[in-house]
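A.B. asks: First to last, the protein sequences are chains A and B.
Under numbering that gives the first Met the number 0, the first sequence has 91 at position 92, and the numbering climbs by one with no breaks.
Under numbering that gives the first Met the number 0, the second sequence has 146 at position 147, and the numbering climbs by one with no breaks.
Heads up, some of the hints might be wrong.
If we take Cβ atoms under 8 Å as the criterion, some of the chain A residues that face chain B in the derived model are [as the list claims (entries may be wrong)]:
hint: 1; residue: 115
hint: 2; residue: 248
hint: 3; residue: 253
Rather than coming from a laboratory, the hints here were simulated on the basis of the structure.
Owing to the predicted nature of the structure, the values given are computational and were not obtained by experimental measurement.
No residue lacks a Cβ here, since even glycine has one placed at the ideal position from N, Cα and C.
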Amino acid sequence: MTLIFGGLALGAVYAFVAIGYNIVFISSKTFNFAQAQLIMIGSFVAYTGLVTLHLPAPVVALLALAVVFTVAAIEERVAIRPLKDPHAVLVTTLGASVLLDGAAQLIWGTQPLPVPFFGGDGVLTILGGRAYPVELALVAVAVLLVLLLTWASKRFVLGLALLAMSEDREAAMLRGVNVRRLVFGSFACAGALAGVLGLFVGPETYAVATLGTALALKGFVVLAIGGFGSIPGTLVGGLIVGLVEALASRYLGGEFATIAVFAVFITILMARPAGLFVRTRERAV
Amino acid sequence: MNRHVLVLGAVVSSAALVLAGCGGAASSGGGAGDPYRVLVTGGLSAQGVLATNSKTSVISAQASADEINKTGGIAGRRIEVTVVDDGGDPTTAVTKLREAIAKRKPDLYLNSGPSVIASATLPILQQNKILSFNIGPTNESADPGKFPLNFDLSPSPTDYAKGFIAHAKEKGYQKIGILYGSTSYGASFVREMHQALTAAGLQVVGEQQFDAKALDMTPQLQNLRGSSPDAIAMTAYGAPVGYVLKSLAKIGWTVPVLGDTAVSATSLVSTPPPDGVLGTDQVANLMMEVFDSTVYDPADTSVNTAVAAMKAKAEGGVIPSTLINAYNYDALALVAAAAADVGKADDPSAIAKAIEKPEVLARAKTAILHDYHYSATSHSPNATADAFVFIKPSRLDSGQFRP
Chain A
0 MTLIFGGLAL GAVYAFVAIG YNIVFISSKT FNFAQAQLIM IGSFVAYTGL
50 VTLHLPAPVV ALLALAVVFT VAAIEERVAI RPLKDPHAVL VTTLGASVLL
100 DGAAQLIWGT QPLPVPFFGG DGVLTILGGR AYPVELALVA VAVLLVLLLT
150 WASKRFVLGL ALLAMSEDRE AAMLRGVNVR RLVFGSFACA GALAGVLGLF
200 VGPETYAVAT LGTALALKGF VVLAIGGFGS IPGTLVGGLI VGLVEALASR
250 YLGGEFATIA VFAVFITILM ARPAGLFVRT RERAV
Chain B
0 MNRHVLVLGA VVSSAALVLA GCGGAASSGG GAGDPYRVLV TGGLSAQGVL
50 ATNSKTSVIS AQASADEINK TGGIAGRRIE VTVVDDGGDP TTAVTKLREA
100 IAKRKPDLYL NSGPSVIASA TLPILQQNKI LSFNIGPTNE SADPGKFPLN
150 FDLSPSPTDY AKGFIAHAKE KGYQKIGILY GSTSYGASFV REMHQALTAA
200 GLQVVGEQQF DAKALDMTPQ LQNLRGSSPD AIAMTAYGAP VGYVLKSLAK
250 IGWTVPVLGD TAVSATSLVS TPPPDGVLGT DQVANLMMEV FDSTVYDPAD
300 TSVNTAVAAM KAKAEGGVIP STLINAYNYD ALALVAAAAA DVGKADDPSA
350 IAKAIEKPEV LARAKTAILH DYHYSATSHS PNATADAFVF IKPSRLDSGQ
400 FRP
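Only chain A is shown next, with the shape it has when bound in the complex:
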């Protein structure tokens, strides 16, 4: 069970990245390569707030939300909005991720910084396995977040507008949806979410400048497994990737962990090219 807890916790971290990717993708059909770096910045802000400034966790959550919201908003204005060709977004958001990596190194250095978890650091024994409280919290937060976002997307006008944009951008505009504002809003909100999640990810991974790079690719795999645009898919994809990685490391060896993840990834895409939770639709041409 120790192995399962660890795998699920890692899967939850990957799912957080994929959720951010998805929020941006649903609103703008673009892919924000810097989403994992936003979580990294969130973990650094959590370190600064909790360790350097000795602030209470709720205040640090608000601080991280505000800081990463601002970073994401700036990224949208500088790296997304001026572009006329949406394909160029891939390059500019990749550039933003490199800039954020460099900025994190300049501000916080290159060494890993421990982020305390407000739920405690002692090892718990549950169902015959051992886990840190933050690992259980990661899984719980991932499940709650996915349920909340799924419910909100169907319940509120804003969520429906985003879904409409995702289906047909032009039609949504004709129905009065302010597409530009919603794209900006979803980008910044994905950033704000990443900031708050930094409080949970940092205690598991340390706040370290290489974190964004470590998470970005796995986050993309999770997104593709679950299906572009599917929030529940990110949870299932994340948990699959986390578990496959942990089990492959245990029973095949650490050198096969990433290979096993990509083998599962390719197998799933061969069976369901659009991902587990998105259906391909035929179009008359």
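Based on the hints, put chain B in the right spot on chain A.
C.D. replies: Okay, now just chain B, sitting in the frame of chain A:
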């Protein structure tokens, strides 16, 4: 016809002169009154730890030059150190080196790593017959048959393994597990460690690799635990060190962990909470391999002199990283001893031959590694086990651990 031959001859002669001017390196001079020119390159503008290590490397050369100049320089020539920022990029390093050679050929070249810089610059140094010392060894850099004027300063993985064996035997460990990252150094570490441990009569009961980007080492440690080792030999740097320690605590395994010099260079283990884990249960079973010079000893005059000289050169008086990056201090001491043996400093081949002599190496006032064992067949330091010690994680001050 004769006129054509004359014109052709003139053109060919002119072209040859021009090509000779372009291709040939500028003379280094090298007269008794000339300074002994040392070119030091390092990734000063690189990102992260590479820049920090390069700064230590550069100030170690400057500090060594100051100390040797106080006693008359190298064969009577005052050392002049020129520092060039290569950004840690081999292309830039090659360009800067070529520029420096074209301007005025240095007598000695010191690079501050990494290995790719050595790979890129060694052929140029060889072509221009420039004596060099190298912090980032390559597969061929210590081979005098290929690069007779180059000497590696960093011990090889085989040398580091000697320290592990001595410590394991002292502690009575018979069965060793090996944990390593998916890097080229990790591959080299496991290969050399396995070979050396087995040759020393110890048993390697398990080898586990982790992805350099892995965030959890629990599965690898569970695998190793299954083979019941007496201790784990580990190479890791940065966050992976923390992941290993966290995972060990999670599974409640108290096996002794023997970390290499990369582990000791990770500030997480030498910094007390809340910025690090020094003094916590996580490092209770960790021992780290370091050079004996990297541990503070008030009686070690040569190292303390080097540290004082480096602090005098360092920005704000702070040595940016551990003394393990300060090999260049020894490079100049080795050249000074060799030049004293030869009687002059302007013959790089003679200096290189002198550095291969045991009596010259014994006279060299090195500090970072007290003994180098270069020979006509190997330009690797061939450090002995006593060059290394294993210490508990401890506070780092002025590049040295203070257990």
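A.B. asks: Run every hint past the structure and note whether it holds.
C.D. replies: Cross-check of the supplied hints:
no.	hint	result
1	115	holds, 7 Å
2	248	holds, 4 Å
3	253	holds, 4 Å
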